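Chains as they are written, first to last, in numbering that gives the first Met the number 0: chain Y, 0 to 358; chain L, 0 to 258.
Since the hints were made in silico from the structure, they are not lab data.
Computed from a prediction, not measured in an experiment: that's the story for all the values here.
Incorrect hints may have been included.
According to the in silico footprint, chain L covers these stretches of chain Y (three or more CB under 8 Å from chain L) [what the hints assert, rightly or not]: (1) 232-240; (2) 244-256.
A few chain L residues facing chain Y, derived, Cβ under 10 Å [claimed, not checked]: (3) 47; (4) 51; (5) 52; (6) 75; (7) 77; (8) 96; (9) 97; (10) 99; (11) 102; (12) 108; (13) 111; (14) 142; (15) 162; (16) 165; (17) 167; (18) 171.
Below, computed lysine-lysine pairings styled on BS3-like, alpha-carbon distance capped at 30 Å [claimed, not checked]: (19) Y:255 - L:239; (20) Y:249 - L:64; (21) Y:255 - L:115; (22) Y:249 - L:115; (23) L:118 - Y:255; (24) Y:255 - L:117; (25) L:118 - Y:249.
Cβ coordinates follow ideal geometry from the N, Cα and C atoms, glycine included.
Read off the chains here:
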Amino acid sequence: MSTETQSPVLVAGEPGAPIRARRRLPRYAPLGLYAAGIALGAALSALTGFSTALTVVYGAVLGTLAVYAGSRAVEGGRKATDRLVTALVTTAFAIAMIPLVSLVYTVLEKGLARFDATFFSNSMYRVVGEGGGAYHAIFGTLIITALTAVISVPIGLLTAIYLVEYGRGRLKRAITFFVDVMTGIPSIVAGLFAFALFTLVFGNDVRLGVMGAVALSVLMIPVVVRSCEEVLKLVPNELREASYALGVPKWRTVVKVVLPTAVAGLGTGITLAVARVVGETAPLLVTVGLITGTNLNPFDGRMATLPVFAYYQLTQPGTATQAFLDRAWTAALLLIILVMALNVVARLISRFFAPKTGR
Amino acid sequence: MAKRIEVSDLNIYYGNFLAVEGVNVSIEPRSITALIGPSGCGKSTFLRSLNRMHEVIPGARVEGKVVMDGQDLYSPDADPVDVRRQIGMVFQRPNPFPTMSIYDNVVAGNRLNNRKMKKAESDELVERSLRGANLWNEVKDRLDRPGSSLSGGQQQRLCIARAIAVEPDVLLMDEPCSALDPISTLAIEDLMAELKDRYTIVIVTHNMQQAARVSESTGFFNLNGVGQPGRLIEFNPTEKIFSNPDQKATEDYISGRFG
Numbered sequence: 000m001s002t003e004t005q006s007p008v009l010v011a012g013e014p015g016a017p018i019r020a021r022r023r024l025p026r027y028a029p030l031g032l033y034a035a036g037i038a039l040g041a042a043l044s045a046l047t048g049f050s051t052a053l054t055v056v057y058g059a060v061l062g063t064l065a066v067y068a069g070s071r072a073v074e075g076g077r078k079a080t081d082r083l084v085t086a087l088v089t090t091a092f093a094i095a096m097i098p099l100v101s102l103v104y105t106v107l108e109k110g111l112a113r114f115d116a117t118f119f120s121n122s123m124y125r126v127v128g129e130g131g132g133a134y135h136a137i138f139g140t141l142i143i144t145a146l147t148a149v150i151s152v153p154i155g156l157l158t159a160i161y162l163v164e165y166g167r168g169r170l171k172r173a174i175t176f177f178v179d180v181m182t183g184i185p186s187i188v189a190g191l192f193a194f195a196l197f198t199l200v201f202g203n204d205v206r207l208g209v210m211g212a213v214a215l216s217v218l219m220i221p222v223v224v225r226s227c228e229e230v231l232k233l234v235p236n237e238l239r240e241a242s243y244a245l246g247v248p249k250w251r252t253v254v255k256v257v258l259p260t261a262v263a264g265l266g267t268g269i270t271l272a273v274a275r276v277v278g279e280t281a282p283l284l285v286t287v288g289l290i291t292g293t294n295l296n297p298f299d300g301r302m303a304t305l306p307v308f309a310y311y312q313l314t315q316p317g318t319a320t321q322a323f324l325d326r327a328w329t330a331a332l333l334l335i336i337l338v339m340a341l342n343v344v345a346r347l348i349s350r351f352f353a354p355k356t357g358r
Numbered sequence: 000m001a002k003r004i005e006v007s008d009l010n011i012y013y014g015n016f017l018a019v020e021g022v023n024v025s026i027e028p029r030s031i032t033a034l035i036g037p038s039g040c041g042k043s044t045f046l047r048s049l050n051r052m053h054e055v056i057p058g059a060r061v062e063g064k065v066v067m068d069g070q071d072l073y074s075p076d077a078d079p080v081d082v083r084r085q086i087g088m089v090f091q092r093p094n095p096f097p098t099m100s101i102y103d104n105v106v107a108g109n110r111l112n113n114r115k116m117k118k119a120e121s122d123e124l125v126e127r128s129l130r131g132a133n134l135w136n137e138v139k140d141r142l143d144r145p146g147s148s149l150s151g152g153q154q155q156r157l158c159i160a161r162a163i164a165v166e167p168d169v170l171l172m173d174e175p176c177s178a179l180d181p182i183s184t185l186a187i188e189d190l191m192a193e194l195k196d197r198y199t200i201v202i203v204t205h206n207m208q209q210a211a212r213v214s215e216s217t218g219f220f221n222l223n224g225v226g227q228p229g230r231l232i233e234f235n236p237t238e239k240i241f242s243n244p245d246q247k248a249t250e251d252y253i254s255g256r257f258g
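Looking at chain Y on its own, in the form it has when it is part of the complex:
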């Protein structure tokens, strides 16, 4: 090759050809084609008795085909494929969103009826019909969840630290294996485990809030271990080595370098683990039971919790069926809000505690 010839700009097509001006569909064309598709879809669905869902399905399929064909004619094969795949991905996303939106909508619609001050300030003590609330269940859920966190977070976090920083060989493999097994334990089995354990120790017919916390811990510990382990693995080894090279012992390196570096991820992981267990019903059903009055002492007798509250409102309505159903929906709404709030908290933690780059 002589250096005098200009180096050609390579484009798809002829080597050495100049870059072609790109022919594009005008911006409004896809919109118009989809609108036409939907109109045609409406007509098609009218043939079999009009329905909105069918119109949307027909419209999406027809519109996509039209845009693909038009794009292929004007813009060429690569761009047409791009538009087709974009349409497919968007459709998949829309389908995935349908259950979520529908669920949130339904719960909001039915739960807002009793989302009032009485619901938050009254228990179900001596309530058989209208009125009443979930004061006792809200606090029961908060207390039992907090107790679960108090049990699970130290065990889970320390296990994760052992696995990442200290564990070697057979013991590490065994712990990893059993954590995997624990992740798959059905929640009712966790409940029965706690039930059996406390029955063995305290005799028959024991019902305590702490039993529920133990049962939930069985479910929460593996989640905490897994998420904390992943986060600790992300801490660069160079930081540990930098600390060792300053003559810092290993345990101090873990406490003062590794954990602070990972604190955002640890907080997020733990919060999401709490969110994972806060709505559990089955283990609480067999261990904590339910009462109508307020019991805030997890070491003495039955307690009410939101999921179990909702379950009993639904399955055992008294004479005023609608009042019980309304309370069940509101409890469900409250649980969703609780889980969402925990997710928001997790995001805030990861934003505010992340190491600052300062650039």
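Got chain Y sorted already, so can you dock chain L onto it with the hints?
Then chain L, alone, in the frame of chain Y:
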């Protein structure tokens, strides 16, 4: 302060793999010793074995003796943590602690070891160390900013300041300039020249001009082939290594005839 290191019959292993074999060398105090050689020949491994950082890697172990001023670093009653307090290290990639400010990074060695210091005392230490690392003028107005807000060359000098803040006797540097531009490299080379009055410095480098510029003695590591252990081929004053080396292999490597 600066101390002599005597290494005798040192074999370094990763598990069952012998990575470096039979090193005998004496590293002089108050001087810069450079280690050169092709990639994978065990320079860094040897360097890490001098302050017992090698054994941090699972399965890694060492046979032989490393004696610093009469004290065997690998004797059963030598505490690796104490060894590392006396022999500091600067790594290839700058690694300031991301959760700490510039100030906290410098005093990290003391803080992490829970040594209590008065505010004035630690202020003084920070200024002394940062001046020692040629960084003070650039960062004195923003000591509370995160260490990761600095440029790569500044971060590396921050790491040097952090290493000298604990006042070690020996400073090990594992390719400290390989990620830096020529200006930052020059700053660090100047710094090494100043530091050698007080410390014993050992530096691993791929840059032979750098070895020739800064060091008094140079060691050449080589290996016969893949899977073979690396060996210290020649250890001599830098002038001799670069003008009239004893070994043919050294001459070939330095003049670019290798492989």
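Going through the hints against the structure:
1. Given a C-beta distance limit of less than 8 Å, the hint that chain L covers the stretch 232-240 of chain Y holds, as 5 residues qualify and 3 suffice.
2. Evaluation of the coverage hint for the stretch 244-256 of chain Y: fulfilled, as 9 residues show C-beta separations to chain L shorter than 8 Å, against a requirement of three.
3. Given hint, residue 47 of chain L at the interface with chain Y, holds; its Cβ is 9 Å from that chain's nearest Cβ, closer than 10 Å.
4. Checking residue 51 of chain L against chain Y: minimum C-beta separation of about 9 Å stays under 10 Å; hint holds.
5. The interface hint given for residue 52 of chain L holds, since its Cβ lies 6 Å from the closest Cβ of chain Y, which is under the 10 Å cut-off.
6. Taken as an interface hint, residue 75 of chain L does not check out: its beta carbon lies about 18 Å from the nearest beta carbon of chain Y, beyond 10 Å.
7. Hint status for residue 77 of chain L relative to chain Y: violated, with the closest Cβ pair at about 13 Å, above 10 Å.
8. The closest approach between the C-beta of residue 96 of chain L and any C-beta of chain Y is roughly 6 Å, which is under the 10 Å cut-off, so the hint is satisfied.
9. Residue-level restraint check for residue 97 of chain L holds (minimum Cβ-Cβ distance to chain Y is 4 Å; threshold 10 Å).
10. Look at residue 99 of chain L: its Cβ gets to within about 8 Å of chain Y, closer than 10 Å, so that hint holds up.
11. Look at residue 102 of chain L: its Cβ only gets to about 13 Å from chain Y, farther than 10 Å, so that hint breaks.
12. For residue 108 of chain L, the shortest C-beta to C-beta distance to chain Y is roughly 4 Å, which falls under 10 Å, so the interface hint holds.
13. Interface restraint check for residue 111 of chain L: the shortest CB-CB distance to chain Y comes to about 4 Å, inside 10 Å, so the restraint holds.
14. Checking residue 142 of chain L against chain Y by beta carbon gives a least distance of about 12 Å; that is not within 10 Å, so the hint is violated.
15. The restraint placing residue 162 of chain L at the interface with chain Y holds, with a minimum CB-CB distance near 7 Å, inside the 10 Å limit.
16. Using the Cβ-Cβ criterion of 10 Å, the hint placing residue 165 of chain L at the interface with chain Y is satisfied: the shortest such distance is roughly 6 Å.
17. With a cut of 10 Å, the hint placing residue 167 of chain L at the interface with chain Y holds, because the nearest CB-to-CB distance is about 8 Å.
18. At a threshold of 10 Å, the smallest CB-CB gap from residue 171 of chain L to chain Y is about 8 Å, leaving the interface hint in force.
19. Straight-line distance between C-alpha atoms of residue 255 of chain Y and residue 239 of chain L comes to about 47 Å, which puts the hinted pair past the 30 Å bound.
20. For the given pair, residue 249 of chain Y sits about 24 Å from residue 64 of chain L by alpha-carbon distance, which is consistent with the 30 Å threshold.
21. A distance of roughly 15 Å separates the Cα atoms of residue 255 of chain Y and residue 115 of chain L; the hinted pair therefore holds under the 30 Å criterion.
22. Between residue 249 of chain Y and residue 115 of chain L the alpha-carbon distance is near 20 Å, which keeps this suggested pair within the 30 Å criterion.
23. Taking the CA atoms of residue 118 of chain L and residue 255 of chain Y, the gap is near 20 Å; set against the 30 Å cutoff, the hint holds.
24. Restraint check for residue 255 of chain Y and residue 117 of chain L: the C-alpha separation of about 20 Å stays at or below 30 Å, so the hint holds.
25. A C-alpha spacing of about 27 Å is found between residue 118 of chain L and residue 249 of chain Y, which places the hinted pair at or below 30 Å, so the restraint holds.
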